[in-house]
Structure formats: C-alpha cells, structure tokens
Amino acid sequence: MTSKESALLAQMQDLGYSQGMIVTAMRILSQSKAAQDDALLYLYDEHPSESQFIDYISELCSSQKI
Amino acid sequence: MNNQKCTKELSEMSLEELWQLFPIVLTKPNDRWGNDYAEEKSLLFHLLCNMNLVRISHIGSTSIQAIWAKPIIDILIEMSDNSSFNDIYKILLEHDYICMIKSERRMDFNKGYTKFGFADKVFHIHVRLSGDNDELYFRDYLNEHPSIAKEYEALKLSLWKPFEHDRDGYTNAKTDFINKYTYLAKQTYAGRYENDYKE
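Taken in order, these protein sequences are the chains called A and B.
Quick note on the numbering used here: the first sequence kicks off at 130 and runs consecutively.
Quick note on the numbering used here: the second sequence kicks off at 645 and runs consecutively.
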C-alpha cells in the first residue's frame, strides 16, 4: 500500500466508515492516483459522513475520473 | 413485434420470441456509451458500496474504441468472495435488474429489456469473483491494437445478418477469435488486474 493509500485508509477509519465501504472505496480509488489525491483532500477538508462520501465516489464514477 | 406478443410478459415468452423481440443490432461507435457506463457505474457503486467490491469495469464491444457494436453496455463487477452474492442479488432485483444466471461463482443481470423491446439504455451486469476477468485483457488488447479491433468489427458485421435472430449462434461464432486474443492478451499483460489494495 502506498503512503497516500495508507492516509486514505486512516482517514476513513477515523471518520468511522463501515469496513465494507472502506474496502470498496480503497479498491475503486486504487485505479486512479489523481482521484486518490482529490479524495484525500475532500476527507481532510470536509470530514464527510459516510453517506456523503458514497455520493462523492459515485460522482467521481459518473464523471469518469475513476 | 405484433401487439399480441407485446401483451406477454418477458417471462412468458419462448426463446424464439425473445430473439425476435431482441434481435442482434449493431450500431456505429457512439461517444454516449462511455457516459452511459459511467452513470451506471456510479449507480452500482451507490447500491453496492458495502459489498466488498474489488473493481467495476466497462467490458464488451462498447468498451472497445471505434468499432461497431451492439448498443448494450456490459459491466463487470468483481467481488473478493461470494459471501455477498445473495445480498447483491436482492439489491439488484429491487432496482430493476433482471437476473439471467445465478450460480456460486457468477451472476448475470440485464436492465433495459422490456416486453416492448429494448429500452433507451440497455445494460448487462456480470458479477464475478475477483480474477474471473478475461474480458478486461481482451478489451485492453483490442484497444491497444486497433488493427485487431477492426478485424473483430469486420467479424461482427459479417455475423450480424446471418445471426440477427440467433444470439447464441452469434456469440458462438465469435468464440475462437475472442479466445485467441484473450490468450495473447493475458500473456502480454500478465498481472495487470491484480489488486493494489487488499484487506
């Protein structure tokens, strides 16, 4: 796991997301380094709820960033 | 399709009636396919994000650049194991997907098949265990070898009319070509679709 992925994982765990969602999000985000950057900043800046983060990842999917 | 057949539900139709209602149709490459895939992927992520997905991928002819294809978006969902299969099955059925195949290792769903014919957007969803993903290698090989992609397009166009109402025959006639280039692709790209992140 890269340092960025470790940071993503830690941040999602700190925010209390469910394990299943974390695993899926990590795998989806692993397909794009740029998406990892954006997601990490979003987590740091916004502290989104799990539901908000699911919406965020879904939006990345629909915008073809991942 | 006559009106009498339109009154039947899909589940009541014979295979012959279904092939008449849903013929093989090829269309020229359409930029919309990528957008349709992205929107559906977004929906699928939303529905299944707690199910330990490994990867969601665009596969099939609409994922190959610049070739004629059936305007059906094929999506591969890889799972780490099959412990969530029953949950996924229930969720997808609740959201207008029709289950075509359900086994211990694979599930296939369709969306966009109606008793009046194809809907505006049609999707085939293939749920598999991680690593059961030959289609990814075939897709990449053709996208990175446009001349082979054009050979594939020519084969598909040659099969279109003879097999317009015989989907199994159409698929079977492509098997040798697909097997050959999947084999070459897996040699060329060995390990490409192993996962970066594991629990």
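Simulated from the structure, these hints should not be mistaken for lab results.
Being a predicted model, the structure only gives us computed values, none of them experimental.
In this text, a Cβ means the ideal position worked out from N, Cα and C, and glycines have one as well.
There could be a bad hint or two in this list.
To be verified - Just a few of them, taken from the derived set where beta-carbon distance is under 10 Å, the chain A residues facing chain B:
1. Thr153
2. Leu172
3. His176
4. Ser191
As the list claims (entries may be wrong) - Pairwise CB distance ranges, derived in the manner of DEER restraints:
5. A/Ala136 - B/Phe821: 20 to 28 Å
6. A/Gln181 - B/Leu737: 24 to 32 Å
7. A/Gln160 - B/Thr832: 28 to 36 Å
8. B/Asp812 - A/His176: 27 to 35 Å
Hints breached by this structure = 2, 3, 5, 7, 8
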